[in-house]
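**Student:** Okay, here's what each chain looks like letter by letter:
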Amino acid sequence: MMTSFLPLVAAVLFSIGAVGVLVRRNAIVILMCIELMLNAVNLTFASYSYELRSMTGHIFIFFVMTVAAAEAAVGLGIVIAVFRKRQSADVDDVNLMRW
Amino acid sequence: MDWGLVLFYFFAALAVVGGVMMITRKNAVHSAVYLVLTFVSVAGIYILLGADFLFAVQVLVYAGGIVVLFLFVIMLVNLEESRRLSGGKLHLAASAVLTCLLFGMLATLFGRVAVGQPSVAAPLGEGNLQLMGIALFRDYMLPFEVVSLLLLVAMIGAIVLGRPRA
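Heads up: the protein sequence lines correspond to chains A and B, in order.
Counting in the working numbering, the first sequence tops out at residue 118, every number present.
Counting in the working numbering, the second sequence tops out at residue 1100, every number present.
Because the hints were derived from the structure by calculation, they are not lab data.
Please note that a few of the clues may not be correct.
Claimed, not checked - Simulated crosslink set (SDA-like; lysine to any residue; CA at most 20 Å straight-line):
| no. | chain 1 | residue 1 | chain 2 | residue 2 |
| --- | --- | --- | --- | --- |
| 1 | B | K960 | B | A1030 |
| 2 | B | K1023 | A | L115 |
| 3 | B | K960 | A | I53 |
| 4 | B | K960 | A | V110 |
| 5 | B | K1023 | A | S23 |
| 6 | A | K104 | B | A1030 |
| 7 | B | K960 | A | L115 |
| 8 | A | K104 | B | V950 |
| 9 | A | K104 | B | L1095 |
| 10 | A | K104 | A | A88 |
| 11 | B | K960 | B | C1034 |
| 12 | B | K960 | B | F945 |
| 13 | A | K104 | A | A89 |
| 14 | A | K104 | B | K1023 |
| 15 | B | K960 | A | V93 |
| 16 | B | K960 | A | S107 |
| 17 | A | K104 | B | M1009 |
| 18 | B | K1023 | A | L41 |
| 19 | A | K104 | B | K960 |
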């Protein structure tokens, strides 16, 4: 019952994250939306892991969390580097590959 | 009345509300706070699924670590936004259509994937942490080491990126 409904919740969360990435301009909020999408994927893993009585899903969640932490650190580092150069964290202002 | 199910619906609704509020707030600090709400709700769902180790990691790493990192960067960067949304009406409409398509695809996929017979046996439950440790350090030893290397690389990368130009 719970686990048949849970992937749907995860799909909703993933879609919210996707629409956030598409429409927001603030690079920090976009990174938050990416974290939300990763969380949605984790929920799916947890749900199927529970349903199939398997530990593998939990292991994958662990690795996804690690990669998410690394991604947040590097992504925010890039935001700060861009802000130093452009005085803005707006993705629409960063439309050139090089200057 | 099944309190587990009630709690589950509560946490699921809370997670979705947090997500929606996160992408609609104008102030990035408010977005970060709503992100915490979503993370904590997801942690609650982990508890209901019997994944107590993941609950702890979710609260410590996400709600505790990553969100604090976001807040620090928001305060460093200190932006005032003139426009919140990117692009024009066409962009917004295309984004909405694409997201609806994506959601439809995911929903039909999850509806079709038949999961195994839901058994009444206790969930992974007790000894979960032990099982996790055994799996992690025996079957997934190499990925574990690779991930530690990834974290090191990410740390060095973040330091190099954040260093002021000489």
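**Student:** Go through the numbered hints given earlier and state which of them the structure violates, listing their numbers in rising order.
**Tutor:** 2, 5, 6, 7, 8, 10, 11, 12, 13, 14, 15, 19
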